[in-house]
Amino acid sequence: MGLLDLPFIQNAIIGGILIAILLSILSLFIYLKNWSFINVGISHATFGGLAVGFYLGISPTLLGMLFAVIIGVLIGYISRKGNIHEDTSIGVLFSLSMAFGVIVITLSPNYNTDLFTFLFGNILTISRKDIIMLSVFTLVSIIFIYFSFRKIMFCCYNEEVAYVSGINTTFYYYSLIVIIAIATVLSVKLVGVILSSAMMIIPAAFANQFYWHYKGILAFSVFFSIAMVLVGIYISFILDLPSGATIVFIYSAMFVAVVALKKLLKKG
Amino acid sequence: MRTVLYARDLTVKLGGKVIIENVNLDIKEGEIVAIVGPNGGGKTTLVKSCLGLVNVSKGYVEILGLQPHKAIKTGKVGYLPQKSEIPHNFPFSAIDIVMFGLVNVDIPEKEKLKRAKQYIHYVGMGGFEKYPYSKLSGGQQQRISIARVLVSEPEIVFFDEPSTGVDVVAQESFYDFLKKIRDEKGITVIMVSHDVGVVGKFVDKVAGLNRFLHYYGSPKDFFQKHVLQKLYGSDIELIIHSPECVACEHFHADFKGKS
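Residue numbers (the numbering used here), protein chains in the order written: chain S, 1 to 268; chain Z, 269 to 527.
It is worth saying that the hints were derived from the structure and are not from the lab.
Mixed in with the good hints, there may be bad ones.
Unchecked claim - In silico SDA-like cross-links for lysine to any residue, where the CA-CA straight-line distance does not exceed 20 Å:
1. K215/S to E377/Z
2. K266/S to K403/Z
3. K341/Z to Y163/S
4. K151/S to V371/Z
5. K81/S to G320/Z
6. K403/Z to Q209/S
7. K215/S to K344/Z
8. K382/Z to Q209/S
9. K215/S to N357/Z
10. K344/Z to N158/S
11. K341/Z to W212/S
Predicted model only: the values in this text are computed from it and were never measured.
Use the sequences and the hints to build the structure in full.
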């Protein structure tokens, strides 16, 4: 029996590719809108919902989604209104949710294993049900983004100008936040809440080192993410390392290496 | 002539502070109006309140006979905000920016592309369609942004400090260009400007704003001492630079002497 014949490896590969596609597409918008910290806030806040779901015996994914969407919308609202400084509100909200999650999960039995899984992911836990959910959500997100692409890009370029051009900027703003929040929860099993934001921040920033135009950035991000996820899964399986950490380590190392190399070549 | 912008007792408070108060405006179709005044006098806030970008605390405003949030949905309102810093890795080409102006215009994609190219030519930027927007000079970026505003063929446009980033020599031709837009397209142009020198030459009406609208009328009467004193809150002296300008002659003589 070959490695690819193992059902959990098949699930890991299909799930990994779907997550890579979804998160790398979203990375373009996060990059353009400078939402890295919002994204980190949402991904960390997810932990509270996952923990409550686990403790109550209700689907952690569903409760995680609910939590992520609520916190995401709240972060978005505060950022837009600007009454409190964006970074402060994100910092407070995600710390609150994470601290709450740790307390809840500590109260439940067998918390050590699950805490680690939530935080850093365990690709072997991706099930067929997860893949169906991921496929449906990825498809719906891609259809939505495809038909609203130029409007979303216009909002990324300048939200006030887009508004005056008659675009419902509030709708696209919160739609993106909700998609990012749900995508974060669905990627938890692959990379965990701590590292999922890296998969939404690095691809576009990395692609921008090679391509200046958004079409090139988008295409390269998707290609690069799929490649990194597959390489990461393979290495983690061979060396018996945690998949999420391996994938994100390769991602980040490649990014750092390319940026450093470009700087060196420029100086030379 | 039809009124395209009508404001009565327009008052805007931001963060508990009154920024503009009891502003009345009546702007007619095809006019070029400059909103001038000191920094912090509420010029940008006035424009933003007309566009529905900030909430009006008291009074009301209508564009093309509609409330701002309804008027912008017609696609007949254009807006060029104050120029902001563009990141060096901004991933849009010149034509991408102009195409944004057609997002809500219901014509086939091919037609959109054709029209976007037409307007890029119209603003004198033909050949730069696929050029990275971030690599263009300040003046070229402004021209592309104006093409983005015009491409939807609006009836009224708001320009906030449109000559920012445009070098002094090019500024005059830039304002000539705004006049050309008005003459050829019949568009009403409302612009915020800190440059009072522009006012006399290029606009039909001046709105002098410093929290209150201190002056609204022809540029001819705007330069009277009492109007400027009221607007800027102190004695100001206006130096008109012309070939006969004595101050300029001294300056050039000094400059030559030093070099």
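Find the hints from earlier in the document that the structure breaks and name them by number, from lowest to highest. 7, 8 and 11
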